[in-house]
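I would like the entire structure built from these sequences, with the hints used as guidance.
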Amino acid sequence: MVLTTPMDRAQGRARQSSDPVRWLKPLLFGLALLPLALMGWDTVSGGLGANPIESLIRRNGDWALRFLLLTLTITPLRELSGWSGAIRLRRMIGLFAFFYATLHLAGYVVLEQFFDWPAMGADLLKRPYITLGMGCFLLLLPLAITSTNGMIRRLGGRRWRALHRLIYPAALLAVAHYFLLVKADLREPILYGALLALLLGYRLVRALPGRHSAAG
Amino acid sequence: MLIRRAADIRPSEITDEKVWRARRDFLRLGAAGALLLTSPARAGLFDSTPEPPPGRADFTGLNTTWGSELKANSWQEITTYNNFYELGTDKADPAQNAHYFTPQPWSVAIEGEVARPGRLGVEDLIARHPLEERIYRLRCVEGWSMVIPWVGFPLADLLKRFEPTANAKYVEFTTLHDPQRLPGQQRAVLPWPYVEGLRMDEAMHPLSLIAVGLYGRMLPAQNGAPLRLVVPWKYGFKSIKSIVRIRLTEQMPQTTWHRANAHEYGFYANVNPAVDHPRWSQARERRIGEFLKRDTLPFNGYGEQVASLYSGMDLTQWF
Numbered sequence: 000m001v002l003t004t005p006m007d008r009a010q011g012r013a014r015q016s017s018d019p020v021r022w023l024k025p026l027l028f029g030l031a032l033l034p035l036a037l038m039g040w041d042t043v044s045g046g047l048g049a050n051p052i053e054s055l056i057r058r059n060g061d062w063a064l065r066f067l068l069l070t071l072t073i074t075p076l077r078e079l080s081g082w083s084g085a086i087r088l089r090r091m092i093g094l095f096a097f098f099y100a101t102l103h104l105a106g107y108v109v110l111e112q113f114f115d116w117p118a119m120g121a122d123l124l125k126r127p128y129i130t131l132g133m134g135c136f137l138l139l140l141p142l143a144i145t146s147t148n149g150m151i152r153r154l155g156g157r158r159w160r161a162l163h164r165l166i167y168p169a170a171l172l173a174v175a176h177y178f179l180l181v182k183a184d185l186r187e188p189i190l191y192g193a194l195l196a197l198l199l200g201y202r203l204v205r206a207l208p209g210r211h212s213a214a215g
Numbered sequence: 000m001l002i003r004r005a006a007d008i009r010p011s012e013i014t015d016e017k018v019w020r021a022r023r024d025f026l027r028l029g030a031a032g033a034l035l036l037t038s039p040a041r042a043g044l045f046d047s048t049p050e051p052p053p054g055r056a057d058f059t060g061l062n063t064t065w066g067s068e069l070k071a072n073s074w075q076e077i078t079t080y081n082n083f084y085e086l087g088t089d090k091a092d093p094a095q096n097a098h099y100f101t102p103q104p105w106s107v108a109i110e111g112e113v114a115r116p117g118r119l120g121v122e123d124l125i126a127r128h129p130l131e132e133r134i135y136r137l138r139c140v141e142g143w144s145m146v147i148p149w150v151g152f153p154l155a156d157l158l159k160r161f162e163p164t165a166n167a168k169y170v171e172f173t174t175l176h177d178p179q180r181l182p183g184q185q186r187a188v189l190p191w192p193y194v195e196g197l198r199m200d201e202a203m204h205p206l207s208l209i210a211v212g213l214y215g216r217m218l219p220a221q222n223g224a225p226l227r228l229v230v231p232w233k234y235g236f237k238s239i240k241s242i243v244r245i246r247l248t249e250q251m252p253q254t255t256w257h258r259a260n261a262h263e264y265g266f267y268a269n270v271n272p273a274v275d276h277p278r279w280s281q282a283r284e285r286r287i288g289e290f291l292k293r294d295t296l297p298f299n300g301y302g303e304q305v306a307s308l309y310s311g312m313d314l315t316q317w318f
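Those protein sequence lines, which keep their order, are chains Z and S. For the first sequence, the positions run 0 to 215 when numbering that gives the first Met the number 0 is used. For the second sequence, the positions run 0 to 318 when numbering that gives the first Met the number 0 is used.
These are calculated hints, taken from the structure and not from any lab test. Check each hint, because a few of them may be wrong.
Below, a list of computed lysine to aspartate or glutamate pairs in the EDC-like style, where the Cα atoms sit at most 20 Å apart [to be verified]:
| # | chain 1 | residue 1 | chain 2 | residue 2 |
| --- | --- | --- | --- | --- |
| 1 | Z | Lys182 | S | Glu141 |
| 2 | S | Lys70 | S | Asp294 |
| 3 | S | Lys292 | Z | Asp115 |
| 4 | S | Lys70 | S | Glu289 |
| 5 | S | Lys292 | Z | Asp122 |
| 6 | S | Lys168 | S | Glu110 |
| 7 | Z | Lys125 | S | Glu263 |
| 8 | Z | Lys182 | S | Asp92 |
| 9 | Z | Lys182 | Z | Glu111 |
| 10 | S | Lys168 | S | Glu112 |
| 11 | S | Lys159 | S | Asp123 |
| 12 | S | Lys159 | S | Glu112 |
| 13 | Z | Lys182 | S | Glu263 |
| 14 | S | Lys159 | S | Glu249 |
| 15 | S | Lys292 | Z | Asp184 |
| 16 | S | Lys159 | S | Asp200 |
| 17 | Z | Lys125 | S | Glu289 |
| 18 | Z | Lys182 | S | Glu131 |
| 19 | S | Lys159 | S | Asp89 |
| 20 | Z | Lys125 | Z | Glu111 |
| 21 | S | Lys168 | S | Asp294 |
| 22 | Z | Lys182 | S | Glu289 |
| 23 | S | Lys70 | S | Glu50 |
| 24 | S | Lys292 | S | Asp275 |
| 25 | S | Lys70 | S | Glu131 |
| 26 | S | Lys70 | S | Asp123 |
| 27 | S | Lys292 | S | Glu76 |
| 28 | Z | Lys125 | S | Glu141 |
| 29 | S | Lys159 | S | Glu141 |
| 30 | Z | Lys125 | Z | Asp115 |
| 31 | Z | Lys182 | Z | Asp122 |
| 32 | S | Lys159 | S | Glu122 |
| 33 | Z | Lys182 | Z | Asp61 |
A partial selection of chain Z residues facing chain S, derived with a Cβ cut-off under 10 Å [claimed, not checked]:
| # | residue |
| --- | --- |
| 34 | Gly48 |
| 35 | Ala49 |
| 36 | Asp122 |
| 37 | Lys182 |
| 38 | Leu197 |
| 39 | Leu198 |
Quantities reported herein were computed from a predicted structural model and do not represent experimental measurements. By construction, the Cβ of each residue, glycine as well, lies at the ideal position given by its N, Cα and C atoms.
Okay, here's the thing in structure tokens:
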């Protein structure tokens, strides 16, 4: 039997409260569910507009892309701010990207096509934006599956990191998917494309040979 | 007894608050998810209970001369879900930006291959033509559709008034170019002003309509006030809004979407389930207010009236 004194517990609490991840994580979790809550509210209150199906699919797609880019922001944030705690938020943010991507895809399968498999098969073959979107989801799937501590252990750090580089092509596919479905107003796809270019450009510059010597 | 029994519960049997809170959150999440999928039907979003249009009718005593058998979309649906890039590119934008656009005073110039070119105020135009109600299907190139009770008169009646010459082969329509009143024109999303066109026989076809109202009301800004074209067998982008100029020409007009992307938008743009848009299928459509898609009809269901205009034409080439 382990005996803990009130003093031990007080010290434990002090250690915990000095770690911002402890409160940041539940806060982010709640915030990340807000888009879903808003969609739920708009659905019941009639706030989705004349084409609720289109609205739900778009909003889930938007949030999937936003969380995907947010996941890619963690490493630069950690390196530039020097705050190593950021890395402990990454898995949750990445899983939210997958969560909204799954709702986005479910919206297409259930609401848009209502399980019309031949129509979806034709879309997949003939419509590049559907092909790219599905490709993106298939790249995210193994990342979500191998996101648990057990899977990281089983794969080993090196193989796990190699596998999770799939996030880069996935993000490129997601932005390309958006570009290809817009008719004329490219503002938003360009914005997301620029953010992704910035995030990938950062990694490219960092990986350049001679950077360390130049930095002295 | 009761007190004793309560005391019998060991602390380990009581669910930790964190755990039951997490369980509740999980259940709530599940309920929200279920709501998301099933509530449109329960909330009545899909049974399109018609809501009356606001205010009093501007046009009364109208005869419904076409489409009385069709079930029209609601005023709300028709006036809040619009493609009118001059008032914003999101479909909710035009209704929200409608206050920028005052369509008075307004006149339309009729020029080109006509014996008597001229300019006509919109009030004159309305006064000189007997108005009728026509309930038409509208099929957007994006794959959705509506049924709209327009108020208007045949385009042919207007054109005849200005006596088209033998050289008149096409009709070119132009939307107002005024970036103050139509702030969407401050960005070059499309080459402004918006231009559309019809072949002369299409323009003279009795189904081609100049609309000045819907649901007995004057057209709201977002629907193309004060007057617009309605060609029900063509994709919606052909039905140009807020017209200021009608020019009859010998050459085929250079239409806006064709200029923006010739590969995807042709001059004819007849509704055709057999010819896909390069990026999406045109075989089916979602009628606004319905859950399941319906089959798209050739010429949007007006083939009996208009198919003969295109006999001998390869509609895959002339999309």
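These are the hints, each one checked on the structure:
The hinted pair formed by Lys182 of chain Z and Glu141 of chain S meets the criterion: a straight-line CA distance of about 9 Å does not exceed 20 Å. Distance restraint check for Lys70 of chain S and Asp294 of chain S: the Cα-Cα separation of roughly 17 Å lies within the 20 Å cut-off, and the hinted pair is therefore satisfied. In summary, the hint linking Lys292 of chain S to Asp115 of chain Z is supported, as the alpha carbons are separated by about 10 Å, within the 20 Å threshold. For the given pair, Lys70 of chain S sits about 12 Å from Glu289 of chain S by alpha-carbon distance, which is consistent with the 20 Å threshold.
A threshold of 20 Å between alpha carbons decides the hint, and for Lys292 of chain S with Asp122 of chain Z the separation of about 15 Å falls inside it, so the pair holds. For the hint pairing Lys168 of chain S with Glu110 of chain S, the CA-to-CA distance comes to about 13 Å; that is within 20 Å, so the pair holds. Proposed proximity of Lys125 of chain Z and Glu263 of chain S is supported: the alpha carbons are some 15 Å apart, at most 20 Å. A threshold of 20 Å between alpha carbons decides the hint, and for Lys182 of chain Z with Asp92 of chain S the separation of about 16 Å falls inside it, so the pair holds.
Pair hint Lys182 of chain Z plus Glu111 of chain Z holds up; C-alpha atoms about 19 Å apart against a cutoff of 20 Å. Proposed proximity of Lys168 of chain S and Glu112 of chain S is supported: the alpha carbons are some 9 Å apart, at most 20 Å. Between Lys159 of chain S and Asp123 of chain S the alpha-carbon distance is near 16 Å, which keeps this suggested pair within the 20 Å criterion. Our distance criterion of 20 Å between C-alpha atoms is met by Lys159 of chain S and Glu112 of chain S, whose separation comes to about 12 Å.
Under the criterion of a C-alpha separation no larger than 20 Å, the hint pairing Lys182 of chain Z with Glu263 of chain S is consistent with the structure, at around 10 Å. Between Lys159 of chain S and Glu249 of chain S the CA atoms are separated by roughly 17 Å; this keeps the pair inside 20 Å, and the hint holds. For the given pair, Lys292 of chain S sits about 26 Å from Asp184 of chain Z by alpha-carbon distance, which is inconsistent with the 20 Å threshold. Taking the CA atoms of Lys159 of chain S and Asp200 of chain S, the gap is about 13 Å. The hint holds against a cut of 20 Å.
Distance hint between Lys125 of chain Z and Glu289 of chain S is unfulfilled; the C-alpha atoms sit about 26 Å from each other, more than 20 Å. Distance restraint check for Lys182 of chain Z and Glu131 of chain S: the Cα-Cα separation of roughly 34 Å exceeds the 20 Å cut-off, and the hinted pair is therefore not satisfied. The suggested pairing of Lys159 of chain S with Asp89 of chain S is violated, with an alpha-carbon distance near 37 Å, which exceeds 20 Å. Restraint check for Lys125 of chain Z and Glu111 of chain Z: the C-alpha separation of about 17 Å stays at or below 20 Å, so the hint holds.
Of the supplied pair hints, the one linking Lys168 of chain S and Asp294 of chain S is violated, its CA atoms being roughly 34 Å apart against a limit of 20 Å. Restraint check: the Cα-Cα separation between Lys182 of chain Z and Glu289 of chain S comes to about 24 Å, which exceeds 20 Å; the hinted pair is violated. Straight-line distance between C-alpha atoms of Lys70 of chain S and Glu50 of chain S comes to about 13 Å, which keeps the hinted pair within the 20 Å bound. About 16 Å separates the Cα atoms of Lys292 of chain S and Asp275 of chain S, which keeps this hinted pair within 20 Å; it holds.
Among the hinted pairs, Lys70 of chain S with Glu131 of chain S is consistent with the structure: their alpha-carbon atoms are about 17 Å apart, no more than 20 Å. This hinted pair does not check out: Lys70 of chain S and Asp123 of chain S have alpha carbons roughly 32 Å apart, beyond 20 Å. With a C-alpha separation of about 17 Å, the suggested pairing of Lys292 of chain S with Glu76 of chain S holds against the 20 Å cut-off. For the suggested pair Lys125 of chain Z and Glu141 of chain S, the alpha carbons sit about 16 Å apart, so the restraint of at most 20 Å is met.
For the given pair, Lys159 of chain S sits about 34 Å from Glu141 of chain S by alpha-carbon distance, which is inconsistent with the 20 Å threshold. Using a Cα cut-off of 20 Å, the hinted pair Lys125 of chain Z and Asp115 of chain Z holds, with the two alpha carbons roughly 15 Å apart. The straight-line distance between the Cα atoms of Lys182 of chain Z and Asp122 of chain Z is roughly 17 Å, inside the 20 Å bound, and the hint therefore holds. For the suggested pair Lys159 of chain S and Glu122 of chain S, the alpha carbons sit about 18 Å apart, so the restraint of at most 20 Å is met.
With a C-alpha separation of about 17 Å, the suggested pairing of Lys182 of chain Z with Asp61 of chain Z holds against the 20 Å cut-off. Given hint, Gly48 of chain Z at the interface with chain S, holds; its Cβ is 6 Å from that chain's nearest Cβ, closer than 10 Å. Interface hint status for Ala49 of chain Z: upheld, as the beta-carbon distance to the closest one in chain S is roughly 4 Å, under 10 Å. The criterion of a C-beta within 10 Å of any C-beta in chain S is met by Asp122 of chain Z, whose closest approach is roughly 7 Å, and the hint holds.
Interface restraint check: Lys182 of chain Z against chain S, minimum CB-CB distance 7 Å, threshold 10 Å, status holds. At about 23 Å, the closest approach between the beta carbon of Leu197 of chain Z and any beta carbon in chain S exceeds 10 Å, and the interface hint on this residue is violated. Restraint check, Leu198 of chain Z versus chain S: the minimum CB separation of about 26 Å is more than 10 Å; hint violated.
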